[in-house]
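There are 2 protein chains.
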Amino acid sequence: MAVITIVGSGMMGSALAFPARENGNEVRLVGTHLDREIIDACIATNQHPKFERPFPAGVKYYQIESLDEALEGADFVIGGVSSFGVEWFGDKVLPAMKEGTPLLTVTKGLIDTPEGRLITYPDYWRGRLHEMGKQIPLNAIGGPCTSYELVAHDQSHVSFCGEDMEVLKFLKSAMETDYYHVSITGDITGIESAVALKNGYALGVALTIGLNQKTFGDDTLHYNSQAAVFGQATKEMSRLLKFQNADTLNNLCVGVGDLYVTVYGGRTRLIGILLGKGLSLEAAKKELRGVTLESLVVAERVARAVRKAIDRGELRAADFPVLLHIDEILTKGAEVRIPWEAFTYLES
Amino acid sequence: MAVITIVGSGMMGSALAFPARENGNEVRLVGTHLDREIIDACIATNQHPKFERPFPAGVKYYQIESLDEALEGADFVIGGVSSFGVEWFGDKVLPAMKEGTPLLTVTKGLIDTPEGRLITYPDYWRGRLHEMGKQIPLNAIGGPCTSYELVAHDQSHVSFCGEDMEVLKFLKSAMETDYYHVSITGDITGIESAVALKNGYALGVALTIGLNQKTFGDDTLHYNSQAAVFGQATKEMSRLLKFQNADTLNNLCVGVGDLYVTVYGGRTRLIGILLGKGLSLEAAKKELRGVTLESLVVAERVARAVRKAIDRGELRAADFPVLLHIDEILTKGAEVRIPWEAFTYLES
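Top line first, the protein sequences correspond to chains A and B. Counting with our numbering, you get residues 1 to 348 for the letters of the first sequence. Counting with our numbering, you get residues 1 to 348 for the letters of the second sequence.
Just chain A, same shape as in the assembly (with noise of 0.2 Å):
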């Protein structure tokens, strides 16, 4: 039995309550400043607002005013916060932390730094730690695992990533149940790029759901485009786990199996489609008010340090229809216009 204390209690820090408390860990989820209502929701219903069953028996709720407390004894720590969050993270939790306890975090996300390098989360915080002259082995979650499917003890495999096997072993021995699967790596930078780059294609997958909708009426599904450009991501997906040094079978895979999931579980797929039937990106997000476009900024994020590594040479734009397309889009307004012929090849 360990004693885990999740900071961030948003709907996939804490869906991780599920499988740590039902493995009979101690477990305490922590809200951040933003999270103060739902904490209060919890302490009362011992139910999470968003989700349909409550919390396993025994999980403690902490404001973020109590995380002193709530850190008190922690075997390790688990980082829930959003993209938007990092920073915070790394000014508020990290110094908090006890030297030595690990992280484990679900942050799903890369940074482009002004050169056009995509630096990992736990890269950017290990520099932090380095500033505070900290030592906090750090751990990261990626793969397809949506966070109502855990709720729901759907069958998940996931992989953790980290620099210190033995680590891994105890955060895996800690977390995974019946449903809950978990492979570990030590390779960082490719898992984490692995589950981040497949922000735009999960995106660029839905626009073609939109397109249909628009040319055939609202109640087309079709597939063939979806798989067409689902393919292309992948290949573009390769070429940039290959940009990251991080090209492995593993990785790729993790990639795929993560941008399948958010084709379908996540909030990319509506904004893609309101995009694909032809409304302005402003419209879009108009219409999705509240939603979190925390995958559309890691997109961009990609999309730019890509932009800068086909100027100094490195990589090439034809590689890149897609993810370049959903640039424009993103960033300058562009209609959605699929370049189809831009995924052919000629290969004698």
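Hint data in this document are derived by calculation from the structure and do not stem from the laboratory. Heads up, a few of these hints could be off.
Identical chains blur together in the list; that is why a pair holds if it fits in one copy or across any two.
Below, a list of computed lysine to any residue pairs in the SDA-like style, where the Cα atoms sit at most 20 Å apart [to be verified]: (1) K172 / T344; (2) K172 / A342; (3) K172 / E26; (4) K92 / E72; (5) K277 / A152; (6) K50 / R269; (7) K308 / D327; (8) K134 / Y124; (9) K277 / H325; (10) K242 / I111; (11) K134 / E72; (12) K169 / Y345; (13) K98 / Q63; (14) K50 / E294.
Based on these hints, arrange chain B on the given structure of chain A.
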């Protein structure tokens, strides 16, 4: 403008009449001996009984007795039989074709040899042509493209493969439209393997849908478990492409796209859901009476070859948990019990 003779008026062969004819080619659709009623209906109504819209004006229809007439002056022949018609095609159609007239086959599948090798249908026909002392340029179509959606003009990206790039360029120019996008490649084994290997995996993804319905109710549709199988399937398909000496990124992406469309568009999905819900193979087949189980036959062939390769020490059973489980279900009536833990890896 070319003269194109399509032999086999099942759904896929017939669907190809749309881009072929819309491009202004002369198109002749020939039914096999099993297609007699389809051709009667086409002659009477200019519409395939299974399609929701008529053929483009000007398509000509032939019963099998008029094969010679239909082949007269053809610039190329499209082979549209099912896997069960491959031998028949070699017996009846290849001998009737004029020396040098290219074949473009859309039949997807592989044949396992007694030695446990997987050969393509063009490989098989090449042998037959050799016996006849005849030269026919062999080409094939792979990639994610269901007939219904091609008829509906959904955007589709396919790959034509063949031995001669000049022939492939001609076939592409005759067939490509603003919704039918064509890559060309010399890698017949790669494309034909990619689109045949997916069959067992499409069934595997569908099993999870049925399992969820059995466990959580008929309205349940979860994606974590589908994505876990999809990611593992991508990994196993890459390994199988390597076994075929064809593990290029292009081929893998064709296979992934084809898997995606088969999970959604195909009949394999229906039987997978029934099996996942707990029906026996016998009962599931009975419920889908009239459905061609071509995909399952091909999946069995692939598994049979893989088992022989495992026996020879060329492949490892641990690398193919999904394929081997599917095979146990199909050939031994095994209960559905997806080996989730076998998907996990430890990679330092």
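How the hints compare with the structure:
1. In this assembly of identical chains, K172 and T344 lie within 20 Å of each other by CA distance solely across copies; the values are 11 Å between and 42 Å within a copy.
2. Only between protomers do K172 and A342 lie at most 20 Å apart by alpha-carbon distance; the minimum there is 15 Å, versus 42 Å within a single protomer.
3. When the C-alpha separation of K172 and E26 is checked against a cutoff of 20 Å, the pair qualifies only within one copy, where the shortest distance is 16 Å, while the shortest distance between copies is 63 Å.
4. Taking the shortest alpha-carbon separations for K92 and E72, only the intra-copy value of 15 Å comes in at or below 20 Å, while the best inter-copy value is 79 Å.
5. Taking CA atoms no more than 20 Å apart as the test, K277 paired with A152 passes between copies only; the shortest distance there is 18 Å, against 32 Å inside one copy.
6. With identical chains, the CA atoms of K50 and R269 are at most 20 Å apart within one copy only, with a shortest distance of 19 Å there and 31 Å across copies.
7. In this assembly of identical chains, the alpha carbons of K308 and D327 lie at most 20 Å apart only when taken from the same copy (13 Å versus 48 Å across copies).
8. For a Cα distance limit of 20 Å, the shortest separation of K134 from Y124 inside one copy, 14 Å, qualifies, whereas the shortest one across copies, 65 Å, does not.
9. In this homomeric assembly, K277 and H325 come within 20 Å of each other (Cα to Cα) only inside a single copy, at 16 Å, whereas the closest approach across copies is 41 Å.
10. Taking identical chains as interchangeable, the C-alpha atoms of K242 and I111 lie at most 20 Å apart only when both belong to the same chain, with a minimum of 17 Å there against 35 Å between chains.
11. When the C-alpha separation of K134 and E72 is checked against a cutoff of 20 Å, the pair qualifies only within one copy, where the shortest distance is 17 Å, while the shortest distance between copies is 81 Å.
12. For the homomeric pair K169 and Y345, the shortest alpha-carbon distance between copies (12 Å) is at most 20 Å, but the shortest distance inside one copy (43 Å) is not.
13. For a Cα distance limit of 20 Å, the shortest separation of K98 from Q63 inside one copy, 19 Å, qualifies, whereas the shortest one across copies, 80 Å, does not.
14. In this assembly of identical chains, the alpha carbons of K50 and E294 lie at most 20 Å apart only when taken from the same copy (18 Å versus 44 Å across copies).
Taken one by one, the earlier hints all hold for this structure without exception.
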